[in-house]
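Trainee: As they're listed, the protein sequences go chains B and F. Under my numbering, the first residue of the first sequence carries the number -15, and numbering increases by one thereafter. Under my numbering, the first residue of the second sequence carries the number -15, and numbering increases by one thereafter.
Please note: incorrect hints may appear among the correct ones.
Pulled from the structure, derived: some chain F residues nowhere near chain B, Cβ distances all over 12 angstroms [unchecked claim]:
{"hint": "1", "residue": "A203"}
{"hint": "2", "residue": "L296"}
{"hint": "3", "residue": "N320"}
A partial selection of chain B residues facing chain F, derived with a Cβ cut-off under 8 angstroms [stated by the list, open to error]:
{"hint": "4", "residue": "N27"}
{"hint": "5", "residue": "N28"}
{"hint": "6", "residue": "L55"}
{"hint": "7", "residue": "R72"}
{"hint": "8", "residue": "E133"}
Think of the hints as simulated: they come from the structure by calculation, not from any bench. All C-beta atoms, glycine included, are put in the ideal place defined by N, C-alpha and C.
Each chain is listed here by its residues.
2 protein chains.
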Amino acid sequence: MQLHPSETHSLPHLVVVGGGFGGIELIKALRKAPFRITLIDRNNYHTFQPLLYQVASGGLGADAIGYPFRLIFRNQSNFRFLNASVERIEPGRRVIHTSEGLLPYDELVLATGSTTNYFGNVAIEQKAMPLKSIPQALNLRSDLLEEMEQASRCSDEKKRRSHLCFVVVGGGPTGVETAGALAEFRSNVLPHDYPELNKHEMRVVLVEASGRLLNGMSAKASANALAYLQKMGVEVMLNTAVNTYQKPMLQLSNHLQLFTQTLIWAAGVKGELIEGLPEEATKGSRFQVDSFHRVLGLEHVYAIGDAAGMNLPDAPKGHPMVAPVAVQQGRNLARNFIAGLKGHSGKAFVYRDKGSMATVGRNKAVVDLPGFSFGGFFAWLVWMFLHLMLLVGFRNRVVVFVDWMWSYFTYERALRLIVRRYNSSNAPAGVNPNQ
Amino acid sequence: MQLHPSETHSLPHLVVVGGGFGGIELIKALRKAPFRITLIDRNNYHTFQPLLYQVASGGLGADAIGYPFRLIFRNQSNFRFLNASVERIEPGRRVIHTSEGLLPYDELVLATGSTTNYFGNVAIEQKAMPLKSIPQALNLRSDLLEEMEQASRCSDEKKRRSHLCFVVVGGGPTGVETAGALAEFRSNVLPHDYPELNKHEMRVVLVEASGRLLNGMSAKASANALAYLQKMGVEVMLNTAVNTYQKPMLQLSNHLQLFTQTLIWAAGVKGELIEGLPEEATKGSRFQVDSFHRVLGLEHVYAIGDAAGMNLPDAPKGHPMVAPVAVQQGRNLARNFIAGLKGHSGKAFVYRDKGSMATVGRNKAVVDLPGFSFGGFFAWLVWMFLHLMLLVGFRNRVVVFVDWMWSYFTYERALRLIVRRYNSSNAPAGVNPNQ
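Generate coordinates for the entire structure from the input sequences, incorporating the hints supplied.
Mentor: As structure tokens, then:
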């Protein structure tokens, strides 16, 4: 099967793989450009990853941070969406092999983002819970709530404590924010809704291999985050790595053993690659690109965002895997495409670091601006405002705002339905067995 | 394992099986009563079933119509929740066998509700999509959107039309409301978001075995609903039954064949029974009860709501399986329990029919009040207002209101994420294989 028979059309066919921050920014910027654009994604929606941990902790609904691509681009006439996964690229023939057939391209942009990095530890990959997608966040939410239910009917103390012990690995923003959300669940939800349980039996442990939290941020931000988390009762273990996990027994490098049913893995990501490219183009588990986003050694193939490694003096290992880099690269590449159509040469990419931020909990966040770092309530307000503005779609902004205000005044997490296990014994009767 | 060793407590242990409308109404009414109350449900949340079709059609999020039991009853000190499924009752020993162990009771209330009735047609049970629970509604939503995506990349017209043909079986409120929602999806969403598709290739068919829609309602309401649906382009087939379904081929009793990938089954429900009771207590697939909600031939066992069949002059087949009956029975049984504690005899149940309503679509609903029936825009406002008021929880009312207003002014259905297939090939990488 051949999709979109492009040879019958006159405009060049631009194929974008992946609808993350970089991909949608690029496509938006080409709104009026003379291209036929096809976005390929295995999901039919864009995921606002910075708020995944709030879906996992029951503060937000999945629909509030996911937005259908077809809705984002409904008024963009040069846009088409293909719900498929990409299997292989044939740069020689200028086609990609997808789960739905062959797709020819004139220009190809790889914006595949990143995936969880288990650093080769298969035991952990099989037992740990990652937090990179909406289904994963919903699984984690259901898992947390299941552990609470199981603990509440468990009379064996050791077993009960293993249900109530939540270990987060990785002290980056995701790990810090998840640990903070779990600590708030313990102090705000558990005492009211689980009278059978003793909140002091619930542990939240944050394990970080390096010497400080939020490594990418300022020393002040790291210190603030650590102080906030400890104030909230999170046990932070720095300079500590995970050795093995034989559920429920977790062996740490500091010779400590933890008994936990829930290991949340936020310790690292790696670029999501696609088969079919020469080795030089994919070393270091990122697509190697020049400063014009061109994948090394290939023509008409570009890469942006987490998946792109741009080896430059200011970024020898490539730029940080964060949304602002993807957004700026998407915009720059779009400008370069438009320039190219006019016969001009494009601009080399220069990353403008506008700062970074992370939230730890209620009234607690840290913000680094160039040359200026602050924390606390004001940082938390800034964090909320910026994330509301960055959300896609007015409806989602309103719903997120309502849920945030509601949680703020009630200290509640309302989104606590266990709706994951379609195939398990407690799936409701009559669920379609084909699924 | 024995849960809640009740013999160590003084207050009688009242066990309620099922947290639907009847169960939660009963428990609320016993807020101050000298009982230890345990609610058992296989889900950890109450489902507002009247709006399931809006979750399925992408108008509402699952979290907006589901509400955690522990949150509903967080301030009720005599309440405990047990997340388990009930396997068998031993009335002789006054214990129930649950997936989590034995649970003794002093008084037992069966409020198990109803489940989809396929009338023994196994082929249909395996291939059709029911709409009785939140996971089923989410599955149906994902299924509808998958069909649209598959159709949008399908060049074979016959195959494409089978993806775009949606057949709803059953002309009751659920069937009528679902067909209406699908028709609105076709007219409001498809033309904007699926430019590859021709909206005239999408069919919505409503099949009803009897001679009219909304059988429980007035002739005027039936006629209005039929007119509304036909105006919206729904093909309504009355006096028509489903014979066989060899996906995608659906054989109807009117000798018509339809090719459809999506068969939505809203043709009937039956009481959800539990093993262990004498035959006289469960005939007609409902718990047979007297007018005091006592299950026939048993002591200390009661049944309310859809699962209870009260054989009375005014209701020879038992009362209709609708929420108001369950609510009124829950209240009456609670009053009888309180009366019993004071040594008084309780009141026999008398159903007060306050009327019924169904919505077909934007500005289109039908309302039957005793001796007075009306439809159209005003009926639709009444329907919306009442359903908002009946929703559990302030947060859910606000979120539903926001989504309704948003849909009303934008003609949009925003909740369109396909997040069901954790185990399928297009599940995101790293999803915990244990699930």
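Trainee: With reference to the structure, classify each hint as holding or not holding.
Mentor: Quick rundown of the hints versus the structure:
no. : hint : result
1   : A203 : holds (32 angstroms)
2   : L296 : holds (29 angstroms)
3   : N320 : holds (27 angstroms)
4   : N27  : holds (7 angstroms)
5   : N28  : holds (5 angstroms)
6   : L55  : holds (6 angstroms)
7   : R72  : violated (15 angstroms)
8   : E133 : holds (4 angstroms)
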